[in-house]
Every structure is written in structure tokens, then in C-alpha cells.
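Trainee: This is what each chain is made of:
Number of protein chains: 2
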Amino acid sequence: MDRNLKIGIIGLGLIGGSIFKALCKLNCNVFATSKSASTIKKAKTYSKNVSKSIENLKNCDIIFVCTPMNKTLLILDKLNSLLTKKTIVLDACSLKKFVSEKDYNFKFIPSHPMAGTEFSGFDNSFETLFQGAKWVITPNKKIKKTDIDKVKEVIEILGAKVIKSSPEDHDEAVALISHMPMLISQALFKTAKENKLAMKLASSGFRDMTRLAMSNTEMASDMIDMNDKNIQAAILNLYSSIGDLLNNDYEKQIKKIKNDREQMYVNGKNLY
Amino acid sequence: MDRNLKIGIIGLGLIGGSIFKALCKLNCNVFATSKSASTIKKAKTYSKNVSKSIENLKNCDIIFVCTPMNKTLLILDKLNSLLTKKTIVLDACSLKKFVSEKDYNFKFIPSHPMAGTEFSGFDNSFETLFQGAKWVITPNKKIKKTDIDKVKEVIEILGAKVIKSSPEDHDEAVALISHMPMLISQALFKTAKENKLAMKLASSGFRDMTRLAMSNTEMASDMIDMNDKNIQAAILNLYSSIGDLLNNDYEKQIKKIKNDREQMYVNGKNLY
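Note that the protein sequences, when read in sequence, are chains A and B. Quick note, my numbering runs 967 ahead of the 1-based positions in the first sequence. Quick note, my numbering runs 967 ahead of the 1-based positions in the second sequence.
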């Protein structure tokens, strides 16, 4: 990675904060903005180039927009009047179709780092969050290979692996592995909560199955609203899988599922 | 606990093996049986009183039957001709109604330790498995308080907390927190497996939600067969929770769920 690159970050929550801490640690040329005075104060202990105004990022080569999903289009519009066509801008939203539908002056590469925890905010961000993670990018055909390569180098230095996809395929896939499972996790907790003995007896299995029910509620709400069609389809597929499991040789099917699942993650890392 | 008590264990898998290792560590008077010659060999490094025959347990004061659920009634029948009415026998099955329906010569206390991992067998058993766990007992009215107290002391020395319940309430509760969530975990994996990009992008959320899909398949099959009515009811309740979440102020509901879930487990331990 070219160490002279000026890298900007807008929003210093879990994702933006983790990118920021990792790049500061690597002595990169980082410029960040946050709307929170207390976050700015904390972030200044890592780098002097932290401020409230996005004007601060005007001369950056690459900018990561890491604001909540429902603020992202507004920020991209603001950047449109601030930046020239030489700047590369990435977002970090967990949906890719809605950000891909507009043209911008700058070079826009929609992206989604597949990493997170149930905690949010700068205090919970950490420099190794992206180690071993996948990072989806969904560039359109106008983006040049040299620009994609530049972005790849930054993402790889954060420890992640770049996966190219279309926005539509991405949104369908995350409904299956992230949005629908989160909804199920919330519904599982809501269902068991009605039974006092169940809550008393719940152990590690229920704990793991309901961890996603502690997801950031603003983000969860955005996902459910904005990816509703894919989530509905995923729920129907889940219902049909449940029926298939119960009605067609359960034990044979779960032996295959157990075997496939055991081969998927090794030491917690997805080998696919 | 009276250290002169002779404690028997039948079956040295994850549960029986963990009871065995814990009691050996505490220098208790332990007698164990296993049908596997290699397990007997390994177990003999902990205690000399390990053999293939259940005759070995004839003079025990308390016996834990830790065989697979579908073998347990058979073992209880065998014990019926071996033991007198002074012996206390507990099982460890994850369902309690089906074992509670018959009368035995011995004092039978149906029980269920609420602890486990996705791994099975003696090699994966460990002496601290029950630390902080709940352990359900569902004694009928004929069992005397002094016998229940004797059993409690053994369970507590293993690190678990005794919860008394009826067999019916127990089976309904475990459908909600254990059996139905396991089925959902298996169905989630089966559903996402159809989408290659989804499998590639899956991260820690999907990993946690599909851990139970690696449960022991023999045990899973028994649970689904033998607790089918409670599981069906739990699935219908889950579907109705999903509908309620999606149709009635999602964000307000998940804020409450998040808050309740955060207060439920502290450092991984269920505080209910």
C-alpha cells in the first residue's frame, strides 16, 4: 500500500473506529470526522487529524463513510459537492443496492466489511476487528481496475479479504446469514421470555442463539426495513427447511448438516 | 456431602464422564460402568472401580444413569431387578415425562443437568462442566425430603444448582430454550447452504446461530421424536413472535428484547 495515501474516515463507531485505530497503528496518513465531541477527544489521542467538519477530508485519496445506514445517502450527497472525481469513496453499509442507485462526482465503491460484534461505538471498536474477515465490494463497470486495486490494498492491510459481488446478490446473501438470523434470534428470546421456568433453565445453547438479539437496534431496524423482500424470502425458505427436516428423514439430514457445519469453521474462522 | 456415600455412574459420555471426573477429583467413592472397552481403559486412570457390568454398582447408595435417551428405560428396567428400595437412582435425560411414567423398586429421581457442549464422549467430558449450571429434578410425591437432600448435596458438590419442577413443565421449557432452537439452528444452516455467496460471507453471527447444528445427532433425533408436541407448539409460538415483531413497532420491541437479554447473562452466566 502506498503510505502517502491520505485516508479519510467519516463516523467513528464500531466500524469506522476500528478502521481508524488499525490505520493509526500502522502509521498511515489518517483523517477522521465524528459528530460527537467526546469521540473526537478520545480519537485525538490516536491522531491529530480528527475534527467535526467533513471539510477536513477534502484532500483525501480514499474516504470510508462509516455512518449509520439511514444517514449514509445524506453524507454521500454532501461529499458530492465537496469532492472532485479523483477521490475514491467507500461506504460500509450492510446493504448495497440502495447506495448503488445514484451517480456521484467521485469514484464510489459500495462496500461492506463482514465483521462486527453486538457492541457499538468508538469505545468498543478495536484495531483487529477485520483480521480474517471478508469485505464485500460491489463496484459498477465505470470503476477502473487501478482504483479497485488501490482500495484492495487498504482493505488487505486491515486484515480482510476482498470479495467482489453485485449489490443484488450481496443483499440476498446477507438476508440469509445475517438479517434473517438476527430476526430469529430476537423472536427466540421473545418466545422463551413468556415461560419463567424456561428462562431459569436456559444455558449456553440459548445464550448463543440469542446473542444477535443484542444487536444495535437502529442498525437492526434499518436492515429489516430496507431489505424486507430478501428477508421475507429467507424466512419462507427457513420455514420450508424446518418442514423438510421434520418430514423427511431428520437424522440423515442432520448428519449431513453437522458434517458440513463442522467443516465450515475451523478455530472460529470461516474456511469457505 | 457424606463422603462414605457410594456413587455409581452408568455411561461415561459427556455427562457421565464429567460427573465421574468431578467426583474422582473430589476423592469420592465412585463406581462406574461403560460398554466401551477403550473408555473403561481411560476411566481406570481416574479410578479402579470401573467395569463393563452394572453388577459392579449393586451396593451403591446413589446411581446416575447417563446413557443415551433411547437406552435409558432399558437400563432402568435392568436396575429394577438388581437394586433394592434403599438405592436412589437418577437419570440424566433431556426429557422428563417419559421416564416418570413407570414405578420402580428403587427410589427414582428423574433429573436433567442443563449443561453440555456440541462435543460428546468421554474424551470431551470435563470435571467443571456443571459449574454454575442448573440441574432439574422432577421427583414424585413418594420420594422423601431426606433423599432429595442427599441428592442435592451431590449435585451441589458438582457445582450445579438444583431446580425442582414437574416433568411436564420441564419438557415444555426445554422445547423453548433447547430443542426448538436446535432445530432452528439446523434449518438456518440448511437454508443458507443453498447460496454460495452467503456461505462465503458468513461471519461470527452465523457461526453462533449454527453451533447447535453440530449437536450429537442421536440425541437430537431422540429429542425431536419424543418431545414433538412441545416442539411443534414452540415453533408455532416462534412464527407468531416473528409476525408480531415485523408487524407491530419492531424497533420498540427489539429495544426491550435487547435490554432484557443484556440483563439475563452476565459473563456468560444465566442470572435468572
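Source of the hints: derived by calculation from the structure; they are not laboratory data. It should be emphasised that the depicted structure is a prediction, and the values quoted were computed from it without experimental measurement. Treat the hints with care, as some may be off.
The list cannot tell twin chains apart, which means a pair is met if one copy fits it or any two copies do.
DSS-like mimics (lysine-lysine), calculated; alpha carbons at most 30 Å apart, straight line [claimed, not checked]: (1) K1009 x K1045; (2) K1112 x K1008; (3) K1019 x K1236; (4) K1225 x K1160; (5) K1009 x K1160; (6) K1223 x K1015; (7) K1225 x K1038; (8) K1128 x K1052; (9) K1236 x K1225; (10) K1163 x K1196; (11) K1223 x K1109; (12) K1223 x K992; (13) K992 x K1222; (14) K1223 x K1011; (15) K1131 x K1008; (16) K1219 x K1052; (17) K1019 x K1223; (18) K1160 x K1128; (19) K1045 x K1112; (20) K1222 x K1052; (21) K1223 x K1117; (22) K1111 x K1002; (23) K1167 x K1225; (24) K1019 x K1167; (25) K1025 x K1069; (26) K992 x K1109; (27) K1160 x K1131; (28) K992 x K1025.
Trainee: Give a verdict on every hint.
Mentor: Hints versus structure:
Within a single copy, K1009 and K1045 get their C-alpha atoms as close as 25 Å, which meets the 30 Å cut-off; across copies the closest is 69 Å, which misses it. Taking CA atoms no more than 30 Å apart as the test, K1112 paired with K1008 passes in neither setting, with 38 Å inside one copy and 63 Å between copies. With identical chains, the CA atoms of K1019 and K1236 are never at most 30 Å apart, being 37 Å at best within one copy and 41 Å at best between copies. Within a single copy, K1225 and K1160 get their C-alpha atoms as close as 28 Å, and across copies as close as 12 Å, so both meet the 30 Å cut-off.
Taking the closest pair of Cα atoms, K1009 and K1160 never come within 30 Å of each other, the shortest separation being 38 Å inside a single copy and 42 Å across copies. Taking the shortest alpha-carbon separations for K1223 and K1015, neither the intra-copy value of 54 Å nor the inter-copy value of 39 Å comes in at or below 30 Å. For a Cα distance limit of 30 Å, the shortest separation of K1225 from K1038 across copies, 23 Å, qualifies, whereas the shortest one inside one copy, 40 Å, does not. With identical chains, the CA atoms of K1128 and K1052 are at most 30 Å apart within one copy only, with a shortest distance of 26 Å there and 65 Å across copies.
In the homo-oligomer, the alpha carbons of K1236 and K1225 lie at most 30 Å apart both inside one protomer (16 Å) and across protomers (26 Å), since each shortest distance falls under that limit. Taking the shortest alpha-carbon separations for K1163 and K1196, only the inter-copy value of 19 Å comes in at or below 30 Å, while the best intra-copy value is 35 Å. Within a single copy, K1223 and K1109 get their C-alpha atoms no closer than 43 Å, and across copies no closer than 45 Å, so neither meets the 30 Å cut-off. Within a single copy, K1223 and K992 get their C-alpha atoms no closer than 44 Å, and across copies no closer than 38 Å, so neither meets the 30 Å cut-off.
Taking identical chains as interchangeable, the C-alpha atoms of K992 and K1222 are never at most 30 Å apart, the minima being 45 Å within one chain and 35 Å between chains. For the identical chains of this complex, K1223 and K1011 are neighbours neither inside a copy (52 Å) nor across copies (35 Å), given an alpha-carbon limit of 30 Å. Taking the shortest Cα distances, K1131 and K1008 never come within 30 Å of each other, neither inside one copy (36 Å) nor across copies (53 Å). Taking the closest pair of Cα atoms, K1219 and K1052 never come within 30 Å of each other, the shortest separation being 57 Å inside a single copy and 42 Å across copies.
For the homomeric pair K1019 and K1223, neither the shortest alpha-carbon distance inside one copy (53 Å) nor that between copies (32 Å) is at most 30 Å. Taking the closest pair of Cα atoms, K1160 and K1128 come within 30 Å of each other only across two copies (21 Å); inside a single copy the shortest separation is 39 Å, beyond that limit. When the C-alpha separation of K1045 and K1112 is checked against a cutoff of 30 Å, the pair qualifies only within one copy, where the shortest distance is 26 Å, while the shortest distance between copies is 73 Å. Taking the shortest alpha-carbon separations for K1222 and K1052, neither the intra-copy value of 54 Å nor the inter-copy value of 41 Å comes in at or below 30 Å.
For the identical chains of this complex, K1223 and K1117 are neighbours neither inside a copy (41 Å) nor across copies (43 Å), given an alpha-carbon limit of 30 Å. When the C-alpha separation of K1111 and K1002 is checked against a cutoff of 30 Å, the pair qualifies neither within a copy, at 32 Å, nor between copies, at 66 Å. In this assembly of identical chains, K1167 and K1225 lie within 30 Å of each other by CA distance both inside one copy and across copies; the values are 28 Å within and 18 Å between. In this homomeric assembly, K1019 and K1167 never come within 30 Å of each other (Cα to Cα): the closest approach is 47 Å inside a single copy and 37 Å across copies.
In this assembly of identical chains, the alpha carbons of K1025 and K1069 lie at most 30 Å apart only when taken from the same copy (21 Å versus 79 Å across copies). Taking CA atoms no more than 30 Å apart as the test, K992 paired with K1109 passes in neither setting, with 33 Å inside one copy and 68 Å between copies. For the homomeric pair K1160 and K1131, the shortest alpha-carbon distance between copies (19 Å) is at most 30 Å, but the shortest distance inside one copy (41 Å) is not. Within a single copy, K992 and K1025 get their C-alpha atoms as close as 23 Å, which meets the 30 Å cut-off; across copies the closest is 66 Å, which misses it.
The structure shown violates the earlier hints numbered 2, 3, 5, 6, 11, 12, 13, 14, 15, 16, 17, 20, 21, 22, 24, 26.
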